[in-house]
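Okay, here's what each chain looks like letter by letter:
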Amino acid sequence: DAMVIQNPRYQVTQFGKPVTLSCSQTLNHNVMYWYQQKSSQAPKLLFHYYDKDFNNEADTPDNFQSRRPNTSFCFLDIRSPGLGDAAMYLCATSRDPDSYEQYFGPGTRLTVT
Amino acid sequence: AQSVTQPDIHITVSEGASLELRCNYSYGATPYLFWYVQSPGQGLQLLLKYFSGDTLVQGIKGFEAEFKRSQSSFNLRKPSVHWSDAAEYFCAVTMEYGNKLVFGAGTILRVKS
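Protein sequences appear in the order of chains A and B. Going letter by letter, the first sequence gives residues 1274 to 1386 in the numbering used here. Going letter by letter, the second sequence gives residues 27 to 139 in the numbering used here.
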């Protein structure tokens, strides 16, 4: 089945220690998104890639970076995680920017100790 | 500014009872509307969507939603709730090229037997 895969499902990192979260997709979609969802809150868009074109949300902290080496993979890098970065990180894809429907992965739960 | 309101943070219903979850949006024109469901520790699953046409849309798992332009609402309904429906439900909208989803705060559904 075509799908969105996120690894790992659970990640523990230390305060200030860089961490990378991974997302892959078999849907061959052009757009990939990263959302942050803190406990009991709605998902919040951090940034998205349309093909290789990176689009950062205005209020996304500089601490968060992303890479998309090819169509299938997208990475979220947190350079110096703080306690406030503990959250569920959701990856999503859509076929095109105007296809409007997004497909979500299962998420990675990040804990910062 | 664009916004989505889900006025009920928690709802508890008895198994077999009917359900209605409310969603109101604030936009200048008709947006594209979605309902997603999220089980604990999981990603988001699309229940249904409205783009245009018939204002009553059918989704998966027996859910339906009705778009009412005059009330700027897109309420989710199910005639008979099952215990497995216990989860958090998010209403979301988008209007922008680039497919930025704006989520409501979510409604947590509890089902009592």
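Each hint should be verified, as a subset may be incorrect.
To be verified - For lysine-lysine, the following DSS-like pairs were computed, each having C-alpha atoms within a straight-line distance of at most 25 Å:
1) Lys126(B) <-> Lys75(B)
2) Lys1290(A) <-> Lys1317(A)
3) Lys1325(A) <-> Lys126(B)
4) Lys94(B) <-> Lys1311(A)
5) Lys126(B) <-> Lys1317(A)
No lab work stands behind these hints: they were computed from the structure.
To see whether the hints hold, each was checked on the structure:
{"no.": "1", "hint": "Lys126(B) <-> Lys75(B)", "result": "holds, 15 Å"}
{"no.": "2", "hint": "Lys1290(A) <-> Lys1317(A)", "result": "holds, 23 Å"}
{"no.": "3", "hint": "Lys1325(A) <-> Lys126(B)", "result": "holds, 17 Å"}
{"no.": "4", "hint": "Lys94(B) <-> Lys1311(A)", "result": "violated, 31 Å"}
{"no.": "5", "hint": "Lys126(B) <-> Lys1317(A)", "result": "holds, 10 Å"}
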